[in-house]
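Visitor: What follows is each chain in one-letter form.
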Amino acid sequence: MQAEVINYIKFGIVSPEESKKLSVAKLTVPDTYNEDGYPIDGGLLDQRLGVIDPGLICKTCGARAKTCPGHFGHIELVRPVIHSEFSKVIYNILQSVCTECHRLLIDEKHIAKIKEDVLRPEVDGEQKAELTQVEQEEKNEEAHMSRASVMQHKKLKTSKKCPYCGTVQQKFRFSQPTYFTLGERKLKPDEIRDMLSKISVDDLKVIGIEQAVSNPSWLILNTLLVPPVNVRPSITLESGERSEDDLTHKLVDIMRINQRLEQNINAGAPQIIIDDLWELLQYHVTAYFNNETSGIPPARHRSGRALKTLAQRLKGKEGRFRYNLSGKRVNYSARTVISVDPYVNIDEVGVPEAIASKLTVPFYVTEWNMEKAKELLLNKNYPAVLNVITKDGKRKRTMDVNREELIKDLVVGSILERQLNDGDIVLFNRQPTLHRISIMAHKVRVLPGKTFRINYCTTSPYNADFDGDEMNLHVPQTLEAQAEARLLMDVKYQIFSPKNGGAIIANGEDGITGMYFLTKDNVYLSRDETEYLLGLSGIYELPSAQKNGLYLGKDIFSVLLPKGINYEQKTSMGIVRIKNGRLVEGTITNDTYGKGNGLFIKIAIDYGYDVLRDFIFNSSKLADAYITLAGVTVGVKEYELDEKMESERVRIIKETFEKVNKLINDYKSKKLEPLIGYTLRDSLERIIITELNNARNKAGDILVKHEGDGNSAVEMTKAGSRGNILNLEQMSMFLGQQATLSGGRIKRGYYSNRVLPHIAPGDPGPIAHGFITTSYFSGMHPIELFMHAVGSRGSEVYKALLTGRSGYLYRRLSNALQDYYVKEDLSVRDVNNNIIQTLYGGDGTSPTESRFAEIEKG
Amino acid sequence: MDKKDKSDKYIVNYGEPVGMIAAQSLGEPGTQMILRAFHFAGIESTIATSGLPRIVELVDARKKPATPITYVYLTGDAKKNIEKAEVIMKKISEVKMNTVIKRTLENFPKGMIKLISEEQAMSANNLTPSQVAQKISKKLNISAVVDKDKNILVKLKTKNVEEIRTMSVKIMREVVQGIPDAGKAIIQQDAKTGEFYLIAAGSNIKDIIEVDGVDRSRLYTNDVFAMNGLFGIEAARNTLVNELRKTLKEQKIGVDTRHLMVISDAMTYSGTIKGIGRHGLSGQKNSVFAKAAYEETVKHLVNAAAFSEIDNMRGVTENILVGKQIPLGTGSVRLAIKKEDMQKAAVKKKQK
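Chains as they are written, first to last, in my numbering: chain A, 85 to 942; chain B, 76 to 427.
These are computed hints drawn from the structure, not numbers from a lab. Since the model is a prediction, treat every value here as computed from it, not as a measurement. For each residue, glycine too, the CB sits at the ideal point set by N, CA and C. There's no promise every hint is true.
[Unchecked claim] Listed next, the in silico DSSO-like pairs over lysine-lysine satisfying Cα-Cα at most 27 angstroms (straight line):
hint	chain 1	residue 1	chain 2	residue 2
1	B	K374	A	K94
2	B	K159	A	K755
3	B	K324	A	K941
4	A	K401	B	K374
5	A	K289	B	K374
[What the hints assert, rightly or not] Simulated restraints, written as ranges between beta carbons of each label pair:
hint	chain 1	residue 1	chain 2	residue 2	range
6	B	E161	A	E593	49 to 59 angstroms
7	A	E940	B	R291	39 to 49 angstroms
8	A	V881	B	S218	50 to 60 angstroms
Hey, can you work out the whole structure from these sequences and the hints?
Guide: Below, the structure written as structure tokens:
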């Protein structure tokens, strides 16, 4: 709910009159505190500018430190200075204007053209009556936009001779930060102000400047606004010493020079001295606005640290905009380590008692829940009410002494802050929050212990694991927020990723392995085992037994499937057929049950998200329990090669080396056909790399063919739960080619064109450039180990590089696209109503549900 | 809310911030991208930029891709006849002086440049030294002759060292055969249809399309700006989508094409190709606050003040800055109530 609406915010320049109006005190003393430790009147911490010490009272508004908003003061500069941040703007204006008659150096014809082509008139008196409020606003906005687009920092095309008075223009020069010359003469700030103020309102309009709000002559400062004390609070150190804010330091500098300049002028000092001091004053003011202005040495603290002045406060990642305004600190949140609990449902989160008793949920007292509210207030132990917020917004702690009184004072409109309880909706988040499913709504389950507990299946959207990861929890505080969390952010609605419509919340690793072993052909379980496995999900009906009195693994799995479901899928391990709620053919693998599967989509379409959520939860318990029962061992034995395989390995390597040698000979005799865009040498390199990579693929094929059932490592690969063929190859056959960052073979090393001194100079062969013929199991030769280390280091460096680059890409993308949304007519528009797409994605289909239609058809 | 209750069409929700979702869908897998993916077969994939660098290049709207590639399909007999295809290839494939000339020897006192021929390269491109000499003498208006060692002698009128040096550099840059900036082309055979086509390492499609025997309806390059220049903005948009999709597919990253469409449309809807960075879409936003919160904070605020800009507070960033609800999603819905109804309700309440 929002009551206030901000229609627009208009920017402008503070005029001298306005700054005097804003100011509550003229500051004259370039110091802060007197000997007694009190703020000096007329000093930079004058008590009229607000107070920061508790106990003192603001001399302007009479409020105390916490409530006083602070008030501006001002310094009268004895000589004007240029606002350095605007010097470029000033330069551009001056360049476009005649030095003598101060009119634009464009003839009337062109001015008329600009007015006609670019500038749109604002709504005036006559039109006002005809147009509606909205139309008027639109017109005015258009006028405004057009004006802002005319110049914006660019010099207009001007003539060298003034078309009005005929003066031949002298060359204007400007050098950073505030140095202006006309011809050979240096321009003083007051001269510049004279020139700026003589430009007519109409001429400024053509440049794009609205004189009433942004009069450029105001950019030459005579009065400098001093921000309130609470903008630049001083800190009292432990030693009792006071440490001033950087801004205060800079202001002291400005005031000191200002005072000295004044004394010198009054004493009639020579012009040179006055000019020097004037320039010094300009420097200090420049540094006060932006201490990183190019062309000035940054002002430094005693310790040598550069001062953080106004521009530095706003800029960059730690600046006001990105650190405090785009991102805000919140209350009602908690953070702790996460750990797994397979008995916590996927849309739940286990919350430690310690956290549940600190976090609160508001209970809005109405005439209908008054009794319940009183009951709650009576609870002395968990779940108790921690605070009562009375109708006038005062927060009162509940204590045994005031409980009765609080109950008595309870009225409609009071808010109770009760402790977090089972079933409350909370938002759960893990950083980095790269996509929207990094924040999901979970239901609270208060549990003993000190960690947040989540189901394994929910880790992937968060990209979480349990090696010490911490996560954040937020309690939505309004009913709207709670409702939106439940209806939009609930885990069950996030099972399918908006990225590609595949299931992202699904079982993995052991869960897949367990399901794979359970649903293999000819898996029989005893009645005891079956009862145990199904009992975990609260199912007490047994599937029909086989003739031998045992129960088929596939049937046990089928019990969990929704009643009557039909589903068919071709997987890498053959067809999987579910008929009328029963798995009749095939084995469940990662393709049917893991991330991105189609079975979940089928369930979601036919039975809804609640059924799907419970299916994921119950089946994961089943899989975990079964793998515990059956046991899977992966040992060194799984990776040992027998004699036959060893000879295959040797053969592949020998063949590959022969091929590569032939390529090298072809190259030497120039018979090699070069690739497009590549020299002969580079082509050789590319072809060799392809050849060497092929060797590993060949090894993989042989490995899969040879290793049959019973090898747990291969079984896991088949189930798709962990490991792939490449891993197996590298562990038992050979490692293959080690690559560098740029994707080539390892080349750098000794001057004589070799990687290591053990290699012949210029040898283009496989071993010389990092091809490894041994496996992790057999161990590597010294040269191979070195090459492996080169590859590993390279990929580690690259990973670090990539995260930075992709992070920046993401920031840029989200910034450019954040204002786009889908309208009622399914067109994509930005917030200014520009049409980006006439129909979202060409068909209006939601990417999250992009696969639904296809699965529904079957 | 349950999707089961909806009609059989699975339509986007009204108010869905599809831009942000597109950004997240492309940004989140960024970290998973690897530089050297396992390529599909084919030479083009071994020479083209891939992975994150390619994505960045596309989305930044760089004027020239690091590795431009043009696919030239052929018409008529050339489809099946490799000799005819070769003729077309020769017309297109760009041969520069520096491929047929090994090096240059400058004789400053005599004002002569000797170009040492690379005979192999010449014969590979069906060129003879005299042909080359003729070409350059015509193009650069100089006298070039072939000597007995099959090298080319260039005689200049000047003896100025600087001019001679510039000329020799100029000569080496000259294109002797094919289309400038078309890049070196080779013939490929489509594995499915068996037809021949060309792949060129350049993107001068404006000139390639003029060559006889080129199938104009299927000419394609990965250079988005070249596509825009020849076929227009919609072709450029489709090229963007295609290239993004191809790059992601190589990395085995599944991202719905609709997200790539939103990104591509955002970059092209104005009629020109805009990058997404500070100099493109983000820098051209209407809102002062949105620009200031993104990059170059001070610059945007100073400009806003000098030109008395107005921020209409419609965007996401602006409303977050001031702590208001953003205008997307559930925030894009407004609730209105008739004045009379409000008054009626107030009366009722009083009666109670």
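Visitor: All hints, please: hold or fail.
Guide: A quick look at each hint next to the structure:
1. For the hint pairing B:K374 with A:K94, the CA-to-CA distance comes to about 16 angstroms; that is within 27 angstroms, so the pair holds.
2. Restraint check for B:K159 and A:K755: satisfied, since their Cα atoms lie roughly 24 angstroms apart, inside the 27 angstroms limit.
3. Of the pairs offered as hints, the one joining B:K324 and A:K941 holds, with about 26 angstroms between alpha carbons and a cut-off of 27 angstroms not exceeded.
4. Between A:K401 and B:K374, the direct Cα distance comes to roughly 16 angstroms. Compliance with the 27 angstroms bound is thereby established for this hinted pair.
5. For the suggested pair A:K289 and B:K374, the alpha carbons sit about 21 angstroms apart, so the restraint of at most 27 angstroms is met.
6. Between B:E161 and A:E593 the CB atoms are about 55 angstroms apart, so this pair conforms to the stated range of 49 to 59 angstroms.
7. For the pair A:E940 and B:R291, the supplied restraint of 39 to 49 angstroms holds, since their beta-carbon distance comes to about 41 angstroms.
8. Our hint of 50 to 60 angstroms for A:V881 and B:S218 holds, since their Cβ atoms are close to 55 angstroms apart.
In terms of the numbered hints stated before, the structure departs from none.
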